[in-house]
Amino acid sequence: MNGVLMITSRDLQALATGRDELAMVTILRVGQLGKHALLLRAIMHAGQQNHPEEYAASGYEAAYDLLASAQEAHGEVVTSLLLHPQTAAWAHACLRLTQDLDADPGHVREMLGGLGGVAAAAAIRAGIEFELAAPLRRGALLLPTFGQACFPTSGSVTIRNDGQGASLTSGDTTVKLPADHREDSPGWLGLREITAESAGVRLKVDLDDLGPDRAMRTGVAGRLDADAVGRWSDRVRRTWILMVAVSHKRAVSTAEVLATLIPQAEREGESASTRDAFGAVQLTECDHPGTLAETLVHEAQHSKLNALLDLCPLLHEDDGRLYYSPARSDARPVHGLLHATYAFFGITDFWRQHRHLDQGTSRAYPHFQFAMAREQCLIGTGTLLESGMLNTDGLAFVASMDATLRSWGADEEVPEPYATWARAAILDHRLLWKLNNLHHHADTLLRLAKAWIAGEPAPHAAGATEQVIRQWLGVSPSYIRLKLRYVEARSPQSGERLYADLKAEVRDANDADLAFIHADHTTAARLYAERIVAGSDDVTDWAGLALALQGSGCSGSLATQPQLVRAVYNHIGDLQGPRQDPRALAAWLDGTLDDVL
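Using my numbering, the letters of the sequence shown correspond one by one to residues 4 to 600.
Among the hints, a few may not be true.
Unchecked claim - Calculated cross-link-like contacts (lysine-lysine; reagent style DSS-like; alpha-carbon spacing at most 27 angstroms):
1. 506 x 486
2. 453 x 486
3. 38 x 207
4. 179 x 252
Calculated directly from the structure, the hints in this document are not laboratory data.
Values in this document were obtained by computation on a predicted structure and should not be read as measured data.
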């Protein structure tokens, strides 16, 4: 790539607000192309310097030369290959490995050989006849955008492309690429593709269950059978129809970003993207078009921001502080907060426009989602703008998001009860986050516990409102009440039939949760308190108690510092034995605490 990409203030505003962002996406792709070309040179340098024997045995230079020949013959082919997530993920992983002086030599040789697959794929597409040797990686070689050749043993492979077509030979085994390389054949696993089109907007993504470097987190799915591929295709197509109907403009730019879907086998409802592979999304199957659309918008936002940060740093050097972040269970560094906020901006815009679709169905769910996402995003922009961690470009970027969100609040009224639902859901999330991430000094907790046991008034103890954010690495809360609200928002039922639906679809909900959802706050508070007295230390029960008390007009310390009330309560239990009603402790503490929510 020649020249330097310059990001203007207008470019930043286009990407921050979602207006006229298609041209900016093109700039981001050019930036990624340049980065990946530099990665190949960096791998060459690291391999030569740190692992010279493995580098020489890997055939990296011959593969690089073949790739250069393909570039001269058909530059657009190499551009497509270098931008593909399979190539990008391999290149980042290979560079990290070759920079490790203690890396296993065999692994280094196999990873360096991955360029042979990239070069072969480019040369085949460019119509170049060639013969190239490369080491296998665990008995296989990936040809990005084509598929993977598999052999019974490890070793090396010779790749040929001649008048008879392309083939790969290792030992006595030869694998021929089928005419339709996306189909399977003996020794060959094709990379499947999903296409969807609506109102002239076309989405084309690979369904990658092959790439050895595809996993962004644990739980990646193995090879999908034909039925699973069919389900994925059907769900993506139905989702794409919705996405185009919601926003033709956003769908066009999203189609330019998304390149690969990576099936995940576990943790239903989760998704991920990575700075290593622009346009790749790891996600679980989803049968609800609105939810899948939200996921694709969310992860496309992450990809765009990752690519922007490669070109234009928005943040000062991280100072180690941690923050509350929209929809996250853990405390996040400022980089993570920026990502979460930008992702939620896209989600907010999606549900904002979705609310106005005339689909003959209830708009409760989109109203609820829009109100909730907008308020979560505003928390993020507000925190970022006050953090002192944004540079000049970052301030302009986040301020543009913030102003747009506020304009949506002025122009996009949310009817009741959905606005109230959203406020409660956001408070619920904030309470759960505090219970898991905020901690108090042990001497403060002990002083308060002893005063309670002695029957003394709550002391105005120094440090009662001092709290420490610690990185929480536990299992995410189940967000039971949010799940119940989702069911209610989507259900056409009411009364007893709705109650039955809620119990059937959210089986781990208890009677206190159901009472809260039905706005019986007094009953909910009593039931949550009884669960805690009976021995429950589940943060979901503590947050539920705080919500129910607030709904009854009795907020206070549980709504502002639930983690302190819970910690003191547990100290009292350790010192005294019998557990008492936590509402009494909360009332006792109410006079001592500042409102720090």
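Worksheet item: Going straight from one Cα to the other, do residue 179 and residue 252 come out at no more than 27 angstroms?
Response: 42 angstroms, violated
Worksheet item: If you draw a straight line from the CA of residue 453 to the CA of residue 486, is it 27 angstroms or shorter?
Response: Violated, because 39 angstroms separates the two Cα atoms, which is more than 27 angstroms.
Worksheet entry | Holds or violated: residue 38 to residue 207, with C-alpha atoms at most 27 angstroms apart | 23 angstroms, holds
Worksheet item: If you draw a straight line from the CA of residue 506 to the CA of residue 486, is it 27 angstroms or shorter?
Response: 11 angstroms, holds
The structure is inconsistent with the numbered hints 2, 4, although it conforms to all the rest.
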